[in-house]
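Undergrad: Chains as they are written, first to last, in numbering that gives the first Met the number 0: chain Z, 0 to 530; chain F, 0 to 331; chain D, 0 to 92.
Calculated from the structure, these hints are not laboratory results. Please note that the accuracy of each hint is not assured.
Here chain D is said to cover these stretches of chain Z; the calculated rule only asks that three of the stretch's residues, wherever they fall, bring their Cβ under 8 Å from a Cβ of chain D [to be verified]:
#1 7-18
#2 47-53
#3 196-206
#4 228-234
#5 307-318
Glycine included, each C-beta is placed from N, C-alpha and C at the ideal position.
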Amino acid sequence: MTKAKKLSLKQNYTMLTKGLDWEPSYQKKEDIFPQLSFEGIKIHNWDNWEDPFRLTIDAYWKYQGEKEKKLYAIIDAFQQNNGQFNVTDARYIQALKIFINAVVGLEYSAWRGFTRLGRELGDASPRIATQMQAIDEMRHATTQTHAISHYNRFFEGMGNAPYQYDHAWYLSIPKSFFDDACSAGPFEFIVAISFAFEYVLTNLVFMPWMSGAAYNGDMSTVSFGFSAQSDEARHMTLGLEVIKFLLEQDPDNVAIVQKWIDKWFWRAYRVLSLVATMMDYMLPKRVMSWDEAWTIYYEENGGALFADLARYGIKPPRNAEVTIKEKGRLSHEMWSIFYANRDVVGFPLWLPSQEEMAWFSEKYPDTFDKYYRPRFEYWQELEDLGTPYTNSTLPQLCQVCQWPCLFTEADDPTEFVHRETEFDGEIFHFCSDGCHQIFEDEPKKYIQAWLPVHQIYMGNCLLPDADPSSPDFNPMAEAIRYMGIKPGVDGGLFKDHSDAKNWEKWTERPANIHQGASTDFVRKTSSQNSK
Amino acid sequence: MAVEIKTAGVKPVRTAFEHLIARFGDKPATRYQEFAFDTQPKTNFHYRPLWDPDHEIYDKSKTAIVMADWYALKDPRQFYYGSYTIARAKQQDAIDQQMAFLDERGALSELPDQAKRLITFSLVALRHYEWGSNTNNNFIAAYGYGTTITQAATMAMCDRLAMAQHLSRIGLFLDDKTGVSLDEAKEFWMSHSAWQGLRRQVENMFVVSDWFELMVAQNLVADGIVCPLIFQEFDRHFRSKHGNDLSSLTNYSVRWQKDFTRWVDAVIKTAAAESAENRELIDTWVKNWHLHINSAIDGLASELLGDEATASLTTINNEFNVRLSKLGLSAI
Amino acid sequence: MANSKQPVFIAFQANNDTLPIIDAISEDNPNAVVTEMPAMVKIDCPGRLVIKRESIEEKMGREFNLQELQINLISLSGEIDEDDDEFTLFWNE
Chain Z
0 MTKAKKLSLK QNYTMLTKGL DWEPSYQKKE DIFPQLSFEG IKIHNWDNWE
50 DPFRLTIDAY WKYQGEKEKK LYAIIDAFQQ NNGQFNVTDA RYIQALKIFI
100 NAVVGLEYSA WRGFTRLGRE LGDASPRIAT QMQAIDEMRH ATTQTHAISH
150 YNRFFEGMGN APYQYDHAWY LSIPKSFFDD ACSAGPFEFI VAISFAFEYV
200 LTNLVFMPWM SGAAYNGDMS TVSFGFSAQS DEARHMTLGL EVIKFLLEQD
250 PDNVAIVQKW IDKWFWRAYR VLSLVATMMD YMLPKRVMSW DEAWTIYYEE
300 NGGALFADLA RYGIKPPRNA EVTIKEKGRL SHEMWSIFYA NRDVVGFPLW
350 LPSQEEMAWF SEKYPDTFDK YYRPRFEYWQ ELEDLGTPYT NSTLPQLCQV
400 CQWPCLFTEA DDPTEFVHRE TEFDGEIFHF CSDGCHQIFE DEPKKYIQAW
450 LPVHQIYMGN CLLPDADPSS PDFNPMAEAI RYMGIKPGVD GGLFKDHSDA
500 KNWEKWTERP ANIHQGASTD FVRKTSSQNS K
Chain F
0 MAVEIKTAGV KPVRTAFEHL IARFGDKPAT RYQEFAFDTQ PKTNFHYRPL
50 WDPDHEIYDK SKTAIVMADW YALKDPRQFY YGSYTIARAK QQDAIDQQMA
100 FLDERGALSE LPDQAKRLIT FSLVALRHYE WGSNTNNNFI AAYGYGTTIT
150 QAATMAMCDR LAMAQHLSRI GLFLDDKTGV SLDEAKEFWM SHSAWQGLRR
200 QVENMFVVSD WFELMVAQNL VADGIVCPLI FQEFDRHFRS KHGNDLSSLT
250 NYSVRWQKDF TRWVDAVIKT AAAESAENRE LIDTWVKNWH LHINSAIDGL
300 ASELLGDEAT ASLTTINNEF NVRLSKLGLS AI
Chain D
0 MANSKQPVFI AFQANNDTLP IIDAISEDNP NAVVTEMPAM VKIDCPGRLV
50 IKRESIEEKM GREFNLQELQ INLISLSGEI DEDDDEFTLF WNE
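Chain Z on its own, in the form it takes in the complex (with noise of 0.2 Å):
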């Protein structure tokens, strides 16, 4: 009778892993693999990707079912519990359905392009590393879209992600980022989402926002949040694990894998510029700011991964210090540039209340009291008199990152960015060097995209009920009905909006805790309790 002999870890990965695929006799490598080549990464020698995690699918389902019955305990309970009720404030809701409309677009795109990975990449290890994170991108759009459903039954603006994620304007920024990565090579989107994006940014989403929520009693995305990034952990090794794969391949991978990382850690930064807003304006209860975020999860622990990278030949990414120039004010200008395009987005705005303008000028010394102190108190003083400001006009988007061209120069907080470039006889413009070099990289990607006011001005915006040649015709209402908001219901100014209203309603809390209660039913409350 044999004794059970155990494996290691390692043993048991290579022995279960290794070796499934082979050389293919009756087919040409080429032709089952027909992406791996034309981006020009050179590959010698697929054995030398090594998995750290060296997760077989028995392990994975086993660890990974643990993590779901857990994480639905919590929704079921949070359900159960109106746990909606429970979380500080109805502004906090508002950052939910940047979740739902944009985040979960995002999670869908990454499992569909690493399933292609999975499929592409030309070596088994590479592609069951892949599979897996193909199947967890899966998860978390599942995880979101369940832990943000219960909310969808008592507020508005989240019940149409799908529709607003494929027409609306701002969701265009997160769209096209992925867009980019899906219609890229196998190589650069790897680079792009598990390196770029995955390892040097999404501990900004997950971390402190995150964090933010738990601080804010939401349990249900707090859950799925933190849930969703162990597997990100996984992923980030993943992503690093790419890097030194592919620069240990061929000296002549360096210089393209740098190229990428320059322009992807750009394309993925202008993307979190919503996360920027949402950390700084978004939690009534905040943890920490973005200024210091972006110092502990970019300078600090980027800095220690290129550092570790300078080995190859890879510098930081270009523009890397740009922003960092403009951490102390990159959510402060993405916040004026909502509240004035409020009538035209899915969620409603709000200026910032006395106590949080004290916590900003307090995190932000150097830039708050000089440059939007003194712009959203003339902003308040306009909706006081009610007046308030809104931009009337459709702003002028990148070309390349599709967010207005609203950015400042990185040495002059004063003088708004605007660069532009011409390609095939048509003007481009952009919102920073950093997308701008990107567009001169391959302008004949770039000019292809679907940008939204763009689309508006050629008419291209309306649904096949609009009517164009009647009378009463308003192109500006039927582009916002195109882009699946419902004008007067999901913009304009939080304390009239109904989550607000119903907020107050059903909780008897104010819906903004920094500014009372905005319906007579719960100032009456209040003015009681408190007695």
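Position chains F and D against the provided structure of chain Z, taking the given hints into account.
TA: Just chains F and D, lined up with the frame of chain Z:
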């Protein structure tokens, strides 16, 4: 924060996501429905793929099959990630216990050398077929249209990897975990004449560009012939000579096949019922792939079953024809 | 291995399962700094952080597979070296 208020009476303002109300009516949606339906981006794609400039990132024309509603290709098991993973973890736990028990007893390692060679030749070599199937289901997940089909294909991709790893484990039972049986099995897969027909068909599938054709070729036809050959006919044959130990391990694959077949049949039946054109196309694919695959496994059947090969292949093909007719397809 | 002093970190969900893990890590890594944040515990350490299976087992009073770290892990930074006994985060440079 304490809940000081009676929120039990608060009525939701809507029952479900709007696209689900439009599809299923004004009632709460299941977790399967919430992710599976209408979630794939449909329009306003920004850039043409550099790797396929003739198509959009998600594009209906990547198969010749035409559906009015691609979300009709539902998964009867209604798996979403959580229910899928938890179900698989449970099944895996059961087989792990079974394997640990057999491992302690040194079960398969006590078989005569000839029997061990036969297992290496059949089941262990089959791990490469399963890897091929992983590749093909992965292709469907990557290039298919709509979440219902691509989600289930993503799960199928993982399932096939699990099957390949399960068969690898059976190999490790034979060789005292040295991996020698895996090397021998690969040699059979690569060079033994009995496997070359099937390997050629698997490689041919790797260059098919129509994802629905792959669904038919791999999941209906190839599995419909190869899996019964190994897990039903060969298993029975082997059991009659060498006892039940092997069956207690292959049982896992057999039960999994049943679960998998429910999905495959539902998808193909629905697509075939959509239009006469779809049905004809699927019939043609079935016919072509069956012709090649069935003749490809002749030698393999003889090697595994000896004199019983012809009778077994007849049984398998008869059962396959019954299945085709249930799917509304023409018999072979 | 180089003596990098660049920061590595690992973060776990703050719950009953992770108490002994965090305890074990703190004892095995004298330079580690433990920071508690809402629902999360982050452990920073210069250069290198080692998580030892045996130490966790001792704290937990049961067998522990290092892959179980996955269940409550939130994030990490650094290169990884994992075997059956140790899970190490480090930077080379």
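Undergrad: Could you run down the list of hints and mark each one as holding or not?
TA: Quick rundown of the hints versus the structure:
With 3 residues having a Cβ less than 8 Å from any Cβ of chain D, the region 7-18 of chain Z passes the three-residue criterion, so the hint holds. Only when three residues or more bring their CB closer than 8 Å to a CB of chain D does the claim for the region 47-53 of chain Z stand; here the count is 3, and the claim holds. Look at the region 196-206 of chain Z against chain D: 3 of its residues bring a Cβ nearer than 8 Å to a Cβ of that chain, three or more, so the hint holds. A count of 5 residues in the region 228-234 of chain Z with a Cβ less than 8 Å from any Cβ of chain D is obtained; the coverage claim is therefore met, three being the minimum.
Counting residues of the region 307-318 of chain Z whose C-beta sits closer than 8 Å to any C-beta of chain D gives 3, which meets the bar of three, so the coverage hint holds.
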